[in-house]
Amino acid sequence: MASGFAEKAFSTAANGGRVRADELRLASRVLKDGFRQVEISVPTMHCGGCMQKVEKGLAKLPGVSEARVNLTSKRVTVRWQDEGVPPPLVETLHSLGFEAHLTDAKADAKDHTFSELLRALAIAGFAAGNIMMLSVSVWTGADPATRDLFHWISAAIAVPALVYSGRIFFRSAWGALRRGHTNMDVPISIGVLLAFGLSLYETIHHGSHAYFDAAASLLFFLLIGRTLDHLMRERARTAVTGLANLAARGALVLRPDGTRVYTPVDDLKPGMTIQLSAGERIPVDARVISGQSNLDCSLVTGESLPRPASAGMLLQAGTMNLTGPLTIEAMSDAKDSFLAEMVRMMEAAEAGRSGFRRISDRAAQLYAPAVHTAAFLTFVGWMIATGDVHRAITVAIAVLIITCPCALGLAVPMVQVVAARRLFEKGILLKDGGALERLAEIDTVVLDKTGTLTLGAPRLLNGETLEPAIMALAARIAVHSQHPYARALAAFADGTDVSLLDDARITEVSGAGLEAHIGEHVYRLGRPSWAVAERVEAGAGRHSSNVVLSKDGKLLGAFEFSDPLRDGAAETLQELKQSGIAIEILSGDRAETVRRVAESLGIAFSSDVRPDGKVAHIGSLQDSGRKVLMVGDGLNDAPALVAAHASMAPASAADIGRNAADLVFLHESLMAVPQAFRIALSARKLVYQNLALAVIYNLCAVPIAIAGFVTPLVAAIAMSLSSLLVVANALRLRDGGRLGYFDAKTWDILPRLRPVARSA
Amino acid sequence: MLDFLYLVPIALVLGALALGAFMWALGSGQYEDLDGAAERILFDDEDRPLK
Chain A
1 MASGFAEKAF
11 STAANGGRVR
21 ADELRLASRV
31 LKDGFRQVEI
41 SVPTMHCGGC
51 MQKVEKGLAK
61 LPGVSEARVN
71 LTSKRVTVRW
81 QDEGVPPPLV
91 ETLHSLGFEA
101 HLTDAKADAK
111 DHTFSELLRA
121 LAIAGFAAGN
131 IMMLSVSVWT
141 GADPATRDLF
151 HWISAAIAVP
161 ALVYSGRIFF
171 RSAWGALRRG
181 HTNMDVPISI
191 GVLLAFGLSL
201 YETIHHGSHA
211 YFDAAASLLF
221 FLLIGRTLDH
231 LMRERARTAV
241 TGLANLAARG
251 ALVLRPDGTR
261 VYTPVDDLKP
271 GMTIQLSAGE
281 RIPVDARVIS
291 GQSNLDCSLV
301 TGESLPRPAS
311 AGMLLQAGTM
321 NLTGPLTIEA
331 MSDAKDSFLA
341 EMVRMMEAAE
351 AGRSGFRRIS
361 DRAAQLYAPA
371 VHTAAFLTFV
381 GWMIATGDVH
391 RAITVAIAVL
401 IITCPCALGL
411 AVPMVQVVAA
421 RRLFEKGILL
431 KDGGALERLA
441 EIDTVVLDKT
451 GTLTLGAPRL
461 LNGETLEPAI
471 MALAARIAVH
481 SQHPYARALA
491 AFADGTDVSL
501 LDDARITEVS
511 GAGLEAHIGE
521 HVYRLGRPSW
531 AVAERVEAGA
541 GRHSSNVVLS
551 KDGKLLGAFE
561 FSDPLRDGAA
571 ETLQELKQSG
581 IAIEILSGDR
591 AETVRRVAES
601 LGIAFSSDVR
611 PDGKVAHIGS
621 LQDSGRKVLM
631 VGDGLNDAPA
641 LVAAHASMAP
651 ASAADIGRNA
661 ADLVFLHESL
671 MAVPQAFRIA
681 LSARKLVYQN
691 LALAVIYNLC
701 AVPIAIAGFV
711 TPLVAAIAMS
721 LSSLLVVANA
731 LRLRDGGRLG
741 YFDAKTWDIL
751 PRLRPVARSA
Chain B
1 MLDFLYLVPI
11 ALVLGALALG
21 AFMWALGSGQ
31 YEDLDGAAER
41 ILFDDEDRPL
51 K
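So the sequences go chain by chain: A and B.
Last residue of the first sequence: 760 in this note's numbering, with the numbers rising by one and none dropped.
Last residue of the second sequence: 51 in this note's numbering, with the numbers rising by one and none dropped.
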């Protein structure tokens, strides 16, 4: 794609949040007039000041013509002149103090459904308002000529509204009918179309009643519910994809003629030679040709400690190359890699979950035949009683309208939007309402270990007991490595004065540690057997530590690490147990590591489980009638997350894991799991209450309609009242009993994310 | 009695104008970034959305 260009740009290694110029180019799209445009996710922007800083900072770069922040989606769109090397956008953002990631162009498509729904809602609202205005004039008494005129005007307004706004329901109803089942939209469509048809007939025959207003306001109310439903799902999804994007987009391919070309992942072929620098992810399954390094496999296997890599080893896509450059040979296409296999397993698992029907669909299954039978029986009854076809049809349609599923259509999405908001306030993102319903049903929790139950990053245990001078020295050496132990050491010294050492005097020995030449002394930080001369090693062994610091072979200090439990892990398990939920650990990590954690928490465990094993385990639990909540973070958990009845992932999870999970929690604490469960339970209670309200309303209203007493005015009032009732009931889910849901910013959920996104 | 011959069309046209204005605003991306719009009112520079 850009061979000469790759040569110039390759100096910006994709290391520690830096982005290759080539990668930036791949993520951008071409505009006319020689401009390119890219969207960059900047999750830490939160105010006007940040916006200006980002926009001005980027606009100042040579070649950048415009930079525009979208604060709602926390993204900045940048347009630049396409001449050679793209401007260092991500680096500039980093230097301004903002975390920045390229966003996936595919995940980034504009939300067309939402604007379609908004348009439909606007049209339906306009039509409902105007027709109602005309109807009120008719109801207050109009002479026949005026009434007919008003009915005709109403019809003229209703037709385009019905076609434009109604098609959302008609489309879905038709789709359901064609596949041989019903959903909520079938009775809605039939009701609206019959009401409209009858009204048109009445208008043509100078009848005294027309139901255009009922048809239009029915659409209006239902579209409110539909829009809320969509808003909730879509906002959460963009937040989830916006947080970070970890997958490699391409790799530097070494061609037989010696040139290096940055190639998109999709174009990688088996046999290609790839140069992988430290800090890059392995793009496809590959074999090491030369080089020594450590690999972080936690995303793939769940194993927390890095594995050394050397020539001949087979590598799986998604593994992170930590410490040294590697030359590797691609063994498969992107579509045949481990990553792709995960995706296929997820698709297979998805099929197992499709049996789940949402509450509103299950209600519609009962509701639709009941309503249609009632209307049909009404028609038959009136025919027998009066023999007047027109009268019988009118009453039957009144029955259809008054049983309008407004309450149903609004009840479920309304509760779910409020629940999603409460979850947001607690730092939990909900992907869709169905997930909330599934979460309320769970009776078993299966936890992954690394990255879920534990933080997945080792922490230094004995930092306080060591001499500060030794700590500082160790930290100064450790900042030169990407190894998790080194990072933990460096993090411990954060904030203290760490004057950097000269790079040239530090060497990293793969699988062993770091060697630093300071003055005439040789300092080694790493494996005890390597750092310490043999006669002292016995002493070092007593500390059972994995890392020591030595000076010319003499022990200076030993460091002990452990992978700490996530905050609130013990309380979480306690609370879940009290709710009568079974808990177990399902980990791909080694048995002894898992046993230590499981025993300290007193729960059952399985270790060394491969991704397909996890899916099988969850499958067997579900076959025995359990409803499983899977909590996991790695690539290896992704198929299990999909296979489980409901699933949660921490925000630190792999991209694919976050996308597979139903809920994502942004705080570090595992308490998010019982919190989400509690909210799901109370949401389910409110949904059932709302459905009960809808049934009671129908029990009262339907007999009146069947008796033939319903005028359009009564139908409109009854319909609105039932809708308001369920909305009011849904709002009870809010904290603190504060009234006035709509006073708060109903429409923007994202500001709620600011504090949590910052801490994530 | 013939008042509604012009009053009704006026009401409908005004309503349609408002609807059209909303559709235009939606189409031109003014609802894409409600948070940003709230902050941008404090900036002095000229600006318009990037498509």
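Incorrect hints may appear among the rest.
[Unchecked claim] Computed from the model, here is a short list of chain B residues facing chain A with C-beta under 8 angstroms:
1) L7
2) V8
3) I10
4) V13
5) A21
6) M23
7) A25
8) D33
9) G36
10) E39
11) F43
12) D44
[To be verified] Estimated spans, in silico, between C-beta atoms of each pair:
13) B:V13 / A:A370: 41 to 51 angstroms
14) A:I204 / B:G27: 56 to 66 angstroms
15) B:A21 / A:D143: 53 to 63 angstroms
16) A:D143 / B:A11: 18 to 28 angstroms
17) B:G20 / A:D333: 46 to 56 angstroms
18) A:G580 / B:G27: 46 to 56 angstroms
19) B:A21 / A:T273: 51 to 61 angstroms
20) B:G20 / A:T259: 55 to 65 angstroms
21) B:A21 / A:G141: 41 to 51 angstroms
Don't read these hints as lab results, they were simulated from the structure.
By construction, the Cβ of each residue, glycine as well, lies at the ideal position given by its N, Cα and C atoms.
Consistency of the hints with the structure:
no., hint, in the structure
1, L7, "violated (10 angstroms)"
2, V8, "holds (7 angstroms)"
3, I10, "violated (12 angstroms)"
4, V13, "violated (11 angstroms)"
5, A21, "violated (10 angstroms)"
6, M23, "holds (7 angstroms)"
7, A25, "violated (10 angstroms)"
8, D33, "holds (4 angstroms)"
9, G36, "holds (4 angstroms)"
10, E39, "holds (3 angstroms)"
11, F43, "holds (7 angstroms)"
12, D44, "violated (10 angstroms)"
13, B:V13 / A:A370: 41 to 51 angstroms, "holds (43 angstroms)"
14, A:I204 / B:G27: 56 to 66 angstroms, "violated (36 angstroms)"
15, B:A21 / A:D143: 53 to 63 angstroms, "violated (35 angstroms)"
16, A:D143 / B:A11: 18 to 28 angstroms, "holds (20 angstroms)"
17, B:G20 / A:D333: 46 to 56 angstroms, "holds (51 angstroms)"
18, A:G580 / B:G27: 46 to 56 angstroms, "holds (53 angstroms)"
19, B:A21 / A:T273: 51 to 61 angstroms, "holds (60 angstroms)"
20, B:G20 / A:T259: 55 to 65 angstroms, "holds (57 angstroms)"
21, B:A21 / A:G141: 41 to 51 angstroms, "violated (34 angstroms)"
Hints 1, 3, 4, 5, 7, 12, 14, 15, 21 from the list above are not met by this structure, while the remaining hints are.
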